[in-house]
Amino acid sequence: MTKIILNISFLFLTLNVLGQNSDFCHPIQINELSEKILSKIPKKEKDSISQLNSYNEYFSFDDFYIFNYEDYKSVIKFFNLNGVQKIPEYKIEHIISRYSFHKLKGNPICLSEITQPYLIELKERERYVEEQMVMDSINGIYIPFDLNDALNELDTALSTEEKEGIKKISINDFIGKSHLTIGRWMRNNWGLYGHTSRLNKYFENFGITDSEDMTGIILKSFYRRTNNLPIEFENQIQAIINSECPQKKDFPKYVKNVERSQTIFIEDENENYIYTLYFFSNLKKDVKWIFHPVFGWKIISPNEYNTITELEYQELNEWFITFYNRQ
48 MTKIILNISF LFLTLNVLGQ NSDFCHPIQI NELSEKILSK IPKKEKDSIS
98 QLNSYNEYFS FDDFYIFNYE DYKSVIKFFN LNGVQKIPEY KIEHIISRYS
148 FHKLKGNPIC LSEITQPYLI ELKERERYVE EQMVMDSING IYIPFDLNDA
198 LNELDTALST EEKEGIKKIS INDFIGKSHL TIGRWMRNNW GLYGHTSRLN
248 KYFENFGITD SEDMTGIILK SFYRRTNNLP IEFENQIQAI INSECPQKKD
298 FPKYVKNVER SQTIFIEDEN ENYIYTLYFF SNLKKDVKWI FHPVFGWKII
348 SPNEYNTITE LEYQELNEWF ITFYNRQ
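Its first residue numbered 48, the sequence shown is counted upward by one per residue in my numbering.
The set of hints was computed from the structure by calculation and includes no laboratory data.
For each residue, glycine too, the CB sits at the ideal point set by N, CA and C.
Treat the hints with care, as some may be off.
Straight-line alpha carbon distances no greater than 16 Å define the calculated EDC-like cross-link-like pairs of lysine to aspartate or glutamate that follow [said to hold, decoys possible]:
1. LYS150 x GLU82
2. LYS335 x GLU306
3. LYS248 x ASP202
4. LYS296 x GLU136
5. LYS133 x GLU82
6. LYS120 x GLU140
7. LYS296 x GLU140
8. LYS138 x ASP94
9. LYS331 x GLU306
10. LYS332 x ASP110
11. LYS152 x ASP94
12. LYS224 x GLU259
13. LYS296 x GLU306
14. LYS300 x GLU316
15. LYS124 x GLU136
16. LYS150 x GLU136
17. LYS214 x ASP202
18. LYS248 x GLU160
19. LYS303 x ASP109
20. LYS331 x ASP94
21. LYS83 x GLU136
22. LYS133 x GLU259
23. LYS87 x ASP110
24. LYS296 x ASP94
25. LYS295 x GLU136
26. LYS150 x GLU79
27. LYS248 x GLU259
28. LYS90 x ASP110
29. LYS335 x GLU351
The calculated label-pair distances, taken between Cβ atoms and stated as ranges, are [as the list claims (entries may be wrong)]:
30. GLN132 x ASN372: 22 to 30 Å
31. ASN100 x PHE280: 25 to 33 Å
32. GLU208 x PRO349: 24 to 32 Å
33. ASN372 x SER184: 18 to 26 Å
34. ASP257 x GLU173: 30 to 38 Å
35. ASN100 x GLU314: 42 to 50 Å
36. GLN285 x LEU330: 46 to 54 Å
37. ASN219 x ASP183: 44 to 52 Å
38. LYS303 x PRO349: 18 to 26 Å
39. PHE280 x ILE75: 43 to 51 Å
Using the sequences and the accompanying hints, generate a full structural model.
If you want it as structure tokens, here you go:
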């Protein structure tokens, strides 16, 4: 009964705060941002948008405006003040797009009213995750508490014949065959996909937040242990961190008005994955940045991009040293 009362109290408090906070009805920053977004939309497109009966989350202004992290800050601050510390960037863009949509249609709605369902959803989500992450089983299925425990579970689940078969194939073949079978089962049943289990929390403590990466580590480690090879857990973690695409909150101040436009996976001569290169472009596609996990950010020309795609792995590092040292 206490929990129900607390949840109702939170809901009442949320609605009360949202309803009374006039400063968050049409805050200056969001109002100016929506004006900027709408000013970039051609009249023909505006007329088309104004004919839409309602906003849905598949609608966006992405073809006309690229969000920067500065655009998110007032929304993030409001959520933080109301007890939600983490909100995905795409949800913030939904909120701002919804506000701009209603403004375009001539019926502006308080931003606090728009954020209300997101705030309640995220708060409930945080509560649910906190409960799930301390459980040793979910829906009757045991949840491993760390990597070694997960490997022991796989070792028990697979037959001797299946494990002998693993020894006869390459690690890439094993991961490729397992990703959509046992890999999918782990993501769905061990709470990795929904970020709702103690095993998920274990990986997140090492900076691994994607469920695909978590299952990749488990599968690669199981293959190595089955073949009496070192697991090299720390190296696996670092390789994944090096391959992560930077979020907008991590962009340098001089990198603005760009979205990720392309990804290139760098492999060695044996087709072993090494790292990922990310490319970011503006709306006109005439400005392109590259992000290298070691060297960082730099504007890259079309000719330089073509060079990267043509070089062999052994030549790339030397080329990047020269490229990044160039003024």
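Notebook entry, point to check: Taken at face value, is the distance from the CA of GLU306 to the CA of LYS335 at most 16 Å?
Noted result: holds (10 Å)
- Verify the proposed pairing of LYS248 with ASP202, using a straight-line Cα cut of 16 Å. Distance of about 22 Å is beyond 16 Å: violated.
Does GLU136 lie within 16 Å of LYS295 when you go C-alpha to C-alpha? Holds: LYS295 and GLU136 sit about 8 Å apart, inside 16 Å.
Need the status of pair LYS133, GLU259: alpha-carbon distance at most 16 Å? violated (21 Å)
task = Please work out if LYS335 and GLU351 have their alpha carbons no farther apart than 16 Å.
result = holds (11 Å)
**Prompt:** Are the Cα positions of LYS90 and ASP110 separated by 16 Å at most?
**Reply:** holds (14 Å)
>> Check whether the Cα positions of LYS150 and GLU79 lie no farther apart than 16 Å.
In response: Judged against 16 Å, a Cα distance of about 12 Å means the pair holds.
Need the status of pair LYS248, GLU259: alpha-carbon distance at most 16 Å?
holds (14 Å)
* Would you check the hint for LYS124 and GLU136, treating anything up to 16 Å between C-alpha atoms as holding? => Since the Cα atoms of LYS124 and GLU136 sit roughly 13 Å apart, the hinted pair holds (cutoff 16 Å).
Checklist entry - Is the straight-line distance between the alpha-carbon of LYS214 and that of ASP202 16 Å or less? => result Given pair LYS214, ASP202 holds - Cα atoms ~13 Å apart, limit 16 Å.
- Taken at face value, is the distance from the CA of GLU82 to the CA of LYS133 at most 16 Å? violated (27 Å)
- Starting from LYS224, check that the Cα of GLU259 is at most 16 Å away, please. holds (14 Å)
In this structure, the earlier hints numbered 3, 5, 8, 14, 16, 18, 20, 21, 22, 24, 30, 31, 32, 33, 34, 36, 37 are contradicted, and the remaining ones agree with it.
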